[in-house]
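> All chains should be modelled from the sequences, with the hints used to inform the complete structure.
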Amino acid sequence: MFGDYAALIVLLPVIAFVLTLFFGNKLPSGGAHLPIAAIAGSFIISLGTFFEIYPNGSVQQSMQWFSTLNFGILIDPLAVVMLMMVSFVSLLIHIYAVGYMAHDPAKPRYFAETSLFTAAMLAVVLSDNILQFFMAWEIVGLCSYLLIGFWYHKPTAAAAAKKAFLVTRVGDVLFLAGIVLLYVNMTNVITNTGFSLEPGNFILQFKSMFAAIPYIAPTQLTIITLLFFGGAVGKSGQFPLHGWLPDAMEGPTTVSALIHAATMVTAGVYLVARTFPMFVEAPNALLVVAYIGGFTAIFAATMGLVMNDIKRVLAYSTVSQLGYMMLALGTAGMVLGAKAVGISMFHLLSHAFFKALLFLCAGSVIHAVGTNDLREMGGLFGKMKITATTMFIAALALAGFGIPGLHIGTAGFFSKDAIIEGAYEYGYVTGDMIPYVFSILAALLTSIYIFRLWFMAFSGKPRQDRHAHESPPVMTVPLMILAVFALFFGFSQTGFYGYLETNFVLMGVEIGVHEGEAFHPSALILWLPIIVGVLGLVISYLIYNRRIVDMSRIVTRRNPLYQLLLNRYYEPGLSSYVIGEKLTHGTAAMTGEFVDRRIIDGFVIDTVISRTLLSLGDVLKKIQTGVVRNYISVMLLGVGLLIILLRIGGT
Amino acid sequence: MNLLLLAPEILLTSLGLLLVLLGLLVKNKNVIGYISAAGLFAALILLIGIKGQDTFFYEALSVDPLSQIFKIIFVVVSLLAVIASISYFKDNRNQDEYHFLILFATVGMMVVASANDLVALFVGFELASMATYVLAGFEKKNPASLEAALKYFLVGSVSSALMLFGLSLVYGLAGSTNIPVILEVFQADPLMATSSLGVVAMVFLIAGFGFKMALVPFHMWAPDTYEGAPSVVSAMLAAGSKKMGFVAAFKVLVLALVALRMDLQVAFAVLAVITMTYGNIVAISQTSIKRMLAYSSIAQAGYIALAFVVATQLSIAGGILLALGHALMKGGAFIAVALVGYMVLSDNKNARNTDHIDNFAGLAQRAPITAFSLAVFFLALAGIPPSAGFIGKFVLFYSITIEAVSQVSGWLLLIVVIAILNSALSIYYYARVIRYMYVLPANGVKIHEPAPYVIAIVLAVIGTILIGVYPEPFVRMALDAASVLGV
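Here the protein sequences line up with chains A and B, keeping their order.
For the first sequence, the positions run 0 to 650 when numbering that gives the first Met the number 0 is used.
For the second sequence, the positions run 0 to 486 when numbering that gives the first Met the number 0 is used.
Hints are computed from structural coordinates only; laboratory data are not their basis.
Hints may contain errors.
Stated by the list, open to error - These stretches of chain A come out as covered by chain B in the derived footprint (C-beta under 8 Å, 3 or more residues):
1. 55-67
2. 612-620
3. 629-638
To be verified - Selected chain B positions facing chain A (in silico; Cβ < 10 Å):
4. 157
5. 158
6. 180
7. 199
8. 201
9. 214
10. 219
11. 266
12. 281
13. 367
14. 424
15. 426
16. 464
17. 465
18. 468
19. 469
Glycine included, each C-beta is placed from N, C-alpha and C at the ideal position.
Okay, structure coming up:
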């Protein structure tokens with residue numbers, strides 16, 4: 000019953016978007032209630048659909064769009080867990096935003112845009128074909144641009160929005176190229192081999208794509224999947240297109256929580272998961288996924304160590320965690336097959352909960368003290384007990400605290416350790432331990448930077464005299480709900496893996512598992528993640544709370560390592576200045592100056608087109624004398640002309 | 000003979016008569032607009048709901064997919080115009096006559112769409128023309144409106160005479176006025192194609208229909224009339240009555256092509272290219288938006304006329320699609336201009352030239368829904384996806400490209416290139432208005448946009464975008480309609 004109304008999951012927020020945009024300023028609290036109600040509706044339908052299709056059903060609806068393309072809905076296990084997460088987190092963040100954005104004059108615009116974003120994100124999730132996926136993906140990108148630049152009067156925000164838009168565009172172009180290449184291959188396969196679409200199926204539907212995999216040449220498949228991954232790299236802020244995500248923190252904190260932590264940035268991971276059967280058949284692409292993911296995980300974590308902006312720390316943490324998800328798809332995909340999707344998605348979901356929580360806590364702190372700078376905070380624990388406690392829970396979850404033997408722990412413990420174990424198993428089977436080393440080192444850094452953040456913000460003495468206060472209940476209640484999830488979501492692990500493993504079987508895709516001897520990691524491997532986690536906590540406690548090391552001696556201009564990290568490996572300079580300004584803009588400006596200004600504008604447009612056309616227009620206007628006699632004469636002239644034309648044409 | 004299939008025409012005719020009668024009885028004539036809109040809406044439901052194919056009255060009328068899609072266009076356009084007229088002619092004491100005329104004009108156009116006989120075609124044509132002559136001059140205290148009506152009437156009479164002459168020549172050649180019978184007679188005698196009489200007959204018909212289609216050089220009445228007539232009537236003329244010329248041309252000229260195997264390719268290619276280029280170039284230098292829309296309408300007629308150049312099923316379908324899209328876009332645009340006129344007049348009662356481009360400055364702040372809709376219509380007219388304008392142009396240009404490739408014909412390809420360049424050129428004058436609306440500062444306060452206008456405009460926007468986003472059923476309808484012609 001709910002499945003029949005699956006289209007409403009997207010349509011409700013779209014309607015809310017239109018209404019809020021046009022009538023928001025006439026409604027109480029900037030029209031916030033409409034999107035909240037709509038997204039609550041989406042959540043209820045998603046939840047209902049889940050119970051309907053559990054344990055092994057799916058919802059498939061499709062209608063022809065034109066020629067061989069279609070619009071359709073596919074809700075399988077993979078999609079339904081995403082749907083529930085996106086609508087639920089979005090709902091909580093919308094509620095929280097009522098408080099957070101209470102004093103902003105542009106509330107209708109804010110709620111309209113977040114509502115549109117939610118609709119687009121949900122549309123990404125339930126697309127049943129790659130083209131529709133891409134269209135929704137682009138709207139998601141547009142909303143991200145609009146929301147990063149929400150305070151467009153701030154030059155940094157405007158610049159960040161532009162950067163995000165341009166950098167993700169690089170990925171999007173690759174993705175689109177992948178779709179085009181896929182389409183070409185599909186049509187080739189249909190005309191040249193025995194493969195044919197099942198009746199009622201369309202060419203770019205996921206199930207048709209998967210069915211055609213055996214017919215597509217392996218090199219083509221590798222290129223297609225790599226291009227898809229290019230899109231994912233842009234959207235999910237993976238190296239080397241990660242630079243936009245920390246800058247995106249210029250938007251409101253709620254936006255960072257919703258878009259740049261819990262949902263949009265995970266779309267890239269979701270894309271790889273969605274098309275996973277193709278990746279599995281292209282091991283080289285999978286290897287690239289693993290390495291990029293692993294490298295990003297550690298690379299971003301190093302920068303998280305030194306950032307002083309509370310949101311930037313979290314942004315690098317997000318990049319790093321997204322790296323983990325990619326790593327899981329890449330490494331576990333090679334040794335565990337379809338289970339990799341479960342492992343990665345599980346971390347995606349638990350990350351969504353605790354990272355949204357971290358951001359909302361950060362928002363609560365920023366709301367209270369009025370600054371993003373960690374150095375100006377401190378001693379807030381006494382004043383903001385709820386925020387401090389929930390944020391500590393989130394930090395524990397991010398650092399992956401738990402007890403391996405007893406299966407007790409936070410959400411992050413279950414999800415992240417599974418990834419690290421997967422990486423180890425990959426290393427054990429193939430002898431390539433590098434991804435594992437990346438993942439374990441990143442775990443240590445994660446623990447250090449997140450507790451550094453917590454201690455700097457909440458412990459010690461206040462470093463600035465500010466009148467901080469706890470946030471209103473409309474903000475703290477979502478925090479507490481998310482904290483419950485950050486603590487207990489992990490216990491659904493076994494059921495979750497089992498459920499997602501059926502996902503591609505439903506579509507008739509068999510993903511082979513590399514059967515080997517039963518794999519039992521040693522106790523050290525099981526305990527190592529938690530050991531490095533505790534180690535990180537202790538290090539941060541000693542340095543930032545006990546202050547046994549005088550950080551001001553290390554953190555100086557003279558320390559080149561610190562400079563390198565603080566300047567983010569000079570990536571902004573490299574991408575903005577060298578690539579952006581010199582290479583792209585410089586070349587474009589030069590060719591533009593010459594070709595466009597001189598030749599096109601100067602000669603073609605100005606002289607030929609503009610002047611000729613305008614003067615021609617003026618001349619022709621004079622024919623229109625306004626005298627009916629002339630009109631009729633022209634008509635009769637036309638009759639004569641036509642007779643001549645017909646005689647010429649006819650003979 | 001299943002008379003139910005003619006229910007929309009019967010409904011509208013009786014409603015028209017009823018409204019005149021009602022006008023004598025009721026005090027508050029504003030109610031008449033609502034009845035008229037309700038009647039048109041019911042007719043639209045009947046048109047879409049009742050399925051079937053039949054001929055009537057000794058095969059004078061035929062109900063088939065071709066007639067139905069054009070009837071839907073006519074009824075939709077009239078419906079939009081009537082809804083907007085509820086505001087436009089509010090408190091006018093001649094409303095009953097106005098709605099009577101609109102309904103009869105619609106019936107006339109529907110008869111043309113259904114005509115299976117030259118006499119029925121001519122009668123329908125005249126019924127619609129007579130009604131619209133009066134409608135154009137409906138603001139009888141406004142000299143511009145009167146001038147518009149008179150010019151329209153004079154040029155229209157001459158073209159009616161030409162058309163009638165052409166029809167009588169066809170009758171003289173074939174000995175029948177029934178179109179299928181003429182087809183048979185012509186096909187039986189291959190010599191017809193080379194007879195000068197046949198050529199002359201066709202030329203007169205092209206001239207007669209070309210007047211309604213506003214093809215250059217039969218277009219000259221159009222800018223003056225569209226500018227002077229009440230905006231809602233201009234909407235009806237540009238969006239509806241113009242399509243009557245096309246459906247008549249589809250019926251008669253395609254017949255000539257198929258049966259006489261007459262080579263109209265060159266003639267129509269020249270007409271189409273001149274028409275679109277002329278329309279777009281002159282539109283650039285207009286300051287009156289209604290005039291600009293008139294020239295853009297001429298340019299659109301040029302695109303649609305491309306359908307005759309290759310006259311394949313796909314190209315006719317493209318022409319029909321573009322006609323359908325143009326009805327919505329142009330109808331909506333004229334109604335939006337009517338709203339701007341209302342806005343300007345509410346600022347200053349004695350304002351003249353209410354459609355001057357300066358009045359559109361900052362419209363996005365003064366009337367946001369109208370400005371947004373107008374921007375949608377303009378972008379759609381320029382052929383930007385996803386819109387009805389894009390789909391129509393795409394199918395049409397695509398069909399000609401296919402034909403150019405299969406005939407290995409360079410000049411057909413050249414025509415496509417010219418058409419696309421024309422589309423690009425047209426963006427200039429559309430974008431200029433959008434710039435006025437969104438970039439320039441407003442010279443007045445925000446106004447309340449009257450509901451009837453807004454409903455009509457928003458309906459047109461929804462239609463325009465719907466066809467662009469989900470073209471499949473419309474393309475299929477157009478292909479079905481084109482198949483009736485047997486090309």
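> Take the hints in turn and mark each one as holding or not.
Verification of the hints:
| no. | hint | in the structure |
| --- | --- | --- |
| 1 | 55-67 | holds (count 3) |
| 2 | 612-620 | holds (count 7) |
| 3 | 629-638 | holds (count 8) |
| 4 | 157 | holds, 5 Å |
| 5 | 158 | holds, 7 Å |
| 6 | 180 | violated, 24 Å |
| 7 | 199 | holds, 7 Å |
| 8 | 201 | holds, 7 Å |
| 9 | 214 | holds, 9 Å |
| 10 | 219 | holds, 4 Å |
| 11 | 266 | holds, 4 Å |
| 12 | 281 | holds, 5 Å |
| 13 | 367 | holds, 8 Å |
| 14 | 424 | holds, 7 Å |
| 15 | 426 | violated, 13 Å |
| 16 | 464 | violated, 12 Å |
| 17 | 465 | violated, 12 Å |
| 18 | 468 | holds, 8 Å |
| 19 | 469 | holds, 7 Å |
Hint violations for this structure: numbers 6, 15, 16, 17, all remaining hints satisfied.
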